[in-house]
Amino acid sequence: MTAALQDRPASRENEAPAAGAPILSVRDLACVFETRTGPFFARRSQVVRALDGVSFDLFEGQALGIVGESGSGKSTLARCLIRLERPASGRITYRGSDIAQLDERAMRPLRRDIQMVFQDPWASLNPRHTVSRILSEPWEIHAGLVHPSDRTERVAELLRLVGLDPSFAHRYPNQFSGGQRQRISIARALALSPKILILDEAVSALDVSVQAQILNLLAELRDRLRIAYLFISHDLSVVRHLCERIGVMYLGRFAEIGPAASIFGSAGHPYTRALLSAMPESANRERIVLDGEIPSPLSPPSGCGFRTRCWKADAHCAETVPPLSGLPGTGAPATQLVACHYPFESAQSCKP
Amino acid sequence: MIRPCLHTDGPRKSSPTPLLHVEDLHVRFASDTGPVAAVNGISLRLEPGETLVVLGESGSGKSVMAQALMGVVPSPPGVVTIRKLRLNGTDLLRQSPTAHRRLRGREMALIFQDALTSLNPRFTIGTQLCEMLRVHLGLSRRAARDRAVQLLALVGIPSPRVRLDAYPHQFSGGMRQRALIAMAVALNPKLLIADEPTTALDVTVQAQILDLIKRLQKQAGMGLILITHDLSVARQIADRVAVMYAGRIVETARTRDLFERPGHPYTEGLMRSTPRAAALGSPLAPIAGSPPDLRKLPHGCAFHPRCPRAIGICRAEPPPMRVISRAHSSLCHLAEEVE
Chain A
1 MTAALQDRPA SRENEAPAAG APILSVRDLA CVFETRTGPF FARRSQVVRA
51 LDGVSFDLFE GQALGIVGES GSGKSTLARC LIRLERPASG RITYRGSDIA
101 QLDERAMRPL RRDIQMVFQD PWASLNPRHT VSRILSEPWE IHAGLVHPSD
151 RTERVAELLR LVGLDPSFAH RYPNQFSGGQ RQRISIARAL ALSPKILILD
201 EAVSALDVSV QAQILNLLAE LRDRLRIAYL FISHDLSVVR HLCERIGVMY
251 LGRFAEIGPA ASIFGSAGHP YTRALLSAMP ESANRERIVL DGEIPSPLSP
301 PSGCGFRTRC WKADAHCAET VPPLSGLPGT GAPATQLVAC HYPFESAQSC
351 KP
Chain B
1 MIRPCLHTDG PRKSSPTPLL HVEDLHVRFA SDTGPVAAVN GISLRLEPGE
51 TLVVLGESGS GKSVMAQALM GVVPSPPGVV TIRKLRLNGT DLLRQSPTAH
101 RRLRGREMAL IFQDALTSLN PRFTIGTQLC EMLRVHLGLS RRAARDRAVQ
151 LLALVGIPSP RVRLDAYPHQ FSGGMRQRAL IAMAVALNPK LLIADEPTTA
201 LDVTVQAQIL DLIKRLQKQA GMGLILITHD LSVARQIADR VAVMYAGRIV
251 ETARTRDLFE RPGHPYTEGL MRSTPRAAAL GSPLAPIAGS PPDLRKLPHG
301 CAFHPRCPRA IGICRAEPPP MRVISRAHSS LCHLAEEVE
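Chains A and B are the protein sequences, given in the same order.
Note that the numbering used here numbers the first sequence so that position 298 is 298, with each residue one more than the last.
Note that the numbering used here numbers the second sequence so that position 103 is 103, with each residue one more than the last.
If we strip away everything but chain A, and leave its shape as in the complex, we get:
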């Protein structure tokens, strides 16, 4: 039994999650896809910058929420971190070494530490394997971690950890409900005692009542096992519930990143303000309905990506990409970073 599975009591109040060196540090990450368009005799290749200049730190036991609409690059970010995609440039520093350009072979031992839970619990479990086989498969790939004779015991332990009965080990995925399947997916991700768990819309496909069960489980596991989460979701209220820090993405860049309380209390970016205004509890706040939709990453606007939908945009926004920088007047070191030429001051009203 490895240390990570043991109970390590850690209450969230008396720890400073940002203390010490980050476990994962991302700098200037860019990911580029090439697409081909047009008829075959006049095929042109176009470059899509799915991620551009993304930087952030992730600390042990901390949950960082990534919010964004479809096409914002949040899933590409997840895929780059577990190296399902090779980043075009930038650094991903995990425990002191840059993993951004490692080859498959060198990456494999590190995959143990960074695991992923996917959105769809119906598609991500093999219907022809028993739960026991699904959970022990990681140990086949990473041989030598768990002795075959210990596996039955460890499967039972994993099932208990995610709140399922150990007797479920011999059942097949189709005998479970959506919430139970997502528990199994989480158990599989935990099988190798990872340090970082990437959850890509992991609760989005679930009904509200079941979603609450899984959110509680995730909060409990984080506190017990001290895993860092990168929690990707389009649902702000879910992210606020689970995460200490939140990054808001738009067209492959961070529009804003900072502590959850400051993002919700005094968002600096107009896009963040618009997202917040669409939340159920903001009925008494000013509601901002944006025009149009997120532009195609194939032909992004010049300058600030959000300027085509922004009510504050002017000529300056069309020329220069706003850098991610601290809000004026919040002191140094800034914890809340905003990529906007005209950010909101803390209590400022949204409307022009």
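Hint data in this document are derived by calculation from the structure and do not stem from the laboratory.
There may be inaccurate statements among the hints.
Claimed, not checked - Stretches of chain B that chain A covers, calculated by requiring three or more beta carbons in the stretch to come under 8 Å of a beta carbon on chain A: (1) 146 to 152; (2) 207 to 214; (3) 222 to 235; (4) 274 to 280.
Stated by the list, open to error - Some chain A residues judged to face chain B by a derived CB distance under 10 Å, without partners named: (5) PHE168; (6) ASP207; (7) VAL210; (8) ALA212; (9) HIS234; (10) ASP235; (11) ALA260; (12) ALA274; (13) LEU275; (14) ASP291; (15) ILE294; (16) SER296.
Ideal Cβ positions, reconstructed from N, Cα and C, are used throughout, including at glycine.
Could you slot chain B onto chain A? The hints should help.
This is chain B only, laid out in the frame that chain A set:
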């Protein structure tokens, strides 16, 4: 032309003939493992111009109910029984299938969740829109095209004359949903049923589509039944909310009353499961267990195995619909009248 503003002063209360009157709707599906009871006795009234949100989780029967009202439940395997179905005073049950079909397009329209599968990928938006206008209204080719341009403009599609010749895949998700809404309101229906119209869309686009639906409804004085699993959508758009569980309406109330004083343990559970500012830092209170198997519903109240307040009678007898206050009732043995 789009029907002029009939009443913009919100829903008319207590009109003598409701727009839609449904009594005792049941839908069953035959399956290899026995009949699946998807809808188990639903009765509802909708006033002209009113917005009713039907709120429920997956498997609660909300979509099947919508399909049954439109008469599009596939049969077999579906079997629909219903005691009363009146639209604007017309008894739909007495009508021939042909007459019913004609009514379906003109008087009531349905918008589905997935705009991509609702449109035929091989025809342009214009072709699909014009075909419908020509069949139902007998318009000429040119008149239908002009009308189609008007409709696309009405739902906020930029440069409608050009976009008419686009194929569905050339539209974004939000634009496709707009096109679908254009088709649904093309014949000035009196009743619009929208089944999760914004679920597949991004938050900012969702706000646009809800605004559009609201605006069209107001302009034309349509009755609207909007089906969703999303409490925030319900709160934004509904005049009245009906909460469904295991094929029944378990609570119905005006929106404010429902969110301030939920009268059914299930509704209460849903609200406590939703992450919100007030509950930050503490665990959520999910509803225990999972929804029942519709092939063998629990005895008594279908919610009793998951209900924190269940007592003896809940296991023994199905609960009656109890009135809590005016326009607020709950399908629960323990519901009590207030005031």
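Could you work out which earlier hints the structure fails to respect and list their numbers in ascending sequence?
1, 5
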